[in-house]
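Participant: Keeping their order, the protein sequence lines are chains F and R.
Here the first sequence stands for residues 2 to 326, where the numbers follow this note's numbering.
Here the second sequence stands for residues 683 to 962, where the numbers follow this note's numbering.
Certain hints may be false.
Reference excerpt, derived from the structure (chain R facing chain F, CB under 8 Å, subset only) [as the list claims (entries may be wrong)]:
1. R859
2. G862
3. N918
4. T919
5. F923
6. M924
Hint data in this document are derived by calculation from the structure and do not stem from the laboratory.
Backbone N, C-alpha and C fix where the C-beta goes; we use that ideal spot for every residue, glycine too.
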Amino acid sequence: MVDSPGATNAVLDIRNLTVTFPGRPVVLDVSIRVEPGEIVAVIGESGSGKTLTALSVLGLLPRQARVTQGSITLNGRPMLEMPANRRRDLLGDRLAFIPQDAMRALNPVLTVGDQVGEPSVLHRSSTWAAARRTAVELLRVVHLAEPEKRAADYPHQFSGGMQQRAMIAMGLALEPELLIADEPTTALDVTVQAQVISLLRDIREGHGTSILFITHDLGLVADFCDRVYVMYAGRIVEEGPVKDIFENPRHPYTAALLAATPSMLDPADRLDAIPGQIPAADEVVAGCIFSPRCAHARDACNNAPPHLQVSRGHSVSCWFPRGLS
Amino acid sequence: MSAFPTLSQWSWRRHGAFTGGIVLVGLMLAAAALANWLAPYSPYDLDVSKMLQPPSLAHWLGTDEVGRDVLSRTIHAARISVQVALIAVTVGLVGGTLIGLIAAYFGGLIDLLLIRLMELLFSFPAILLAVVLMASLGTSILNAMIAIGIIFIPGFARLARASTMDVLRQQYVEAARTIGMSDMRIMFREVLPNILGPSLVEAAVAFAYAILLESALSFLGLGAQPPEPSWGNMINTGRGFMAQAPWLGIVPGLALFICVLGFNLLGDGMRDYLDPHMKE
């Protein structure tokens, strides 16, 4: 997508974000937009910088990390320039985050109801009694059986899927403008994964909540998201509507990722693997960051790749995009 | 995270020591609370005609050098010991836990300064520190409470700091930040309830130690002042009559022994009970 300077109506607009650990960039020149009511996926391996990108939006980067460049706006509010206490007021209210491992994200000594009701107490000065009633309603919204009874339970009395539902309920508490879900299904069984995904989809339909969905699971993205950003080693290598990405992947990395996904149609098919490993953060790669592992790399790849618009909304950072060169 | 056993699942055999601790501590607390009704005589009434009588039906545990009933004085002394221990442990628990929590949460220079201060306090032998504090505060039972409390602060601070550092690595603290909680709220709502378990165990053990320290201070004449009965000053008096009237020293000594044993058993039992790793 072409960056047009000036105001947009995007819910989340990350532009040219660079995050560095002392001496080395871990997120480089990343731009991500989420439109109202849109579900956008950020796909990448572990260590590709997708979680750090999300944490920069929340302003909760690890102590050593710094945003050295770029801007982030949430419905026009500049997130990076905002004082810490104002940003804190937005968290859990306008901007909700659903973590990867719900079991460990719930406090073992507090009841689930109290934790789900906490945002109302925190941001709406609601009383605890009212917050508990809200919590029961929210647990009902996320399809938890017997919400009145369950609200008084402690997290360890919940199954993994129920815990993740509770986390989603907590995220939804104040009807946020944007929900950032960081691999919310990784710790769950496949059948429970499907339930959580369909819940997130219902939430988008019901509340118009925009969702930024961070994952390494291509299978989840295909039938759930509207647009996809593919991240590799801290950079966005390809972005586009989910259909284009899956049917016509232009970047060799995206194509390799798709080839490495097991297919239900041909289970006997050998899976392709991508040779090598994601470069270590302090490793310097000249030119295209993927070139050392790329099957199609040529001399030109030793220079920084161009950013090419392939079709409407579909762009790629590559010297030799597949099917075009 | 552990599911605590309910009363019906309580195994008296497995928790035998714990049960013993509860009984001994219960006896001690009952003696302290009901001293006015349990004690057969006033602990202050002198009767020189009855001095140094051996145990008899009238005076079950004999009388002391001025004819006061030893049983009554021992029971009343429990009250002072419990008061001192309660206040001292509260001072230590609250002060130490706050210091440890703040040190670990904010880290850096704050941590360094607080922990160095705690180590400074730690480096003095407890009794010496108590004597120095008493010397500067003046001898009174209230000052004894404060002095003993100050001695406890570093221990609780260290414990709270270690547990806090452990809890801060947990994801639910990070999750609390993502819903916009302030540092203050995270410390007291998310972290504190999770670090309290070990501190309460430590408190039970500290209780025994506080009673011991109070007795030591009273023995040295720095704690409870005569005629106020305290096990410490009773033992000190008894020391001079060991040959003629051994019960004067032995009775408060036994009381002290039983009480310290009780709190130690209680502390051990609580540790096993609260720690899920100790469960089969």
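Participant: Given a cut of 8 Å on the nearest C-beta pair, is the interface hint for T919(R) held or broken against chain F?
Facilitator: 49 Å, violated
Participant: Per the CB criterion, is F923(R) less than 8 Å away from chain F?
Facilitator: 54 Å, violated
Participant: Is the shortest C-beta separation between M924(R) and chain F less than 8 Å?
Facilitator: Where the cut-off is 8 Å and the nearest Cβ of chain F is about 52 Å from M924(R), the hint is violated.
Participant: Would you settle whether the hint for N918(R) is holds or violated, based on the nearest Cβ-Cβ distance to chain F being less than 8 Å?
Facilitator: Interface hint status for N918(R): violated (46 Å vs cutoff 8 Å).
Participant: Do the numbers back the hint for G862(R), that is, is its least Cβ distance to chain F under 8 Å?
Facilitator: 4 Å, holds
Participant: Should the interface hint for R859(R) be scored as holding, given a Cβ-Cβ cut-off of 8 Å against chain F?
Facilitator: Since chain F brings a Cβ to about 6 Å from R859(R), closer than 8 Å, the hint holds.
In summary, the structure is inconsistent with hints 3, 4, 5 and 6 from the numbered list given earlier, while agreeing with the others.
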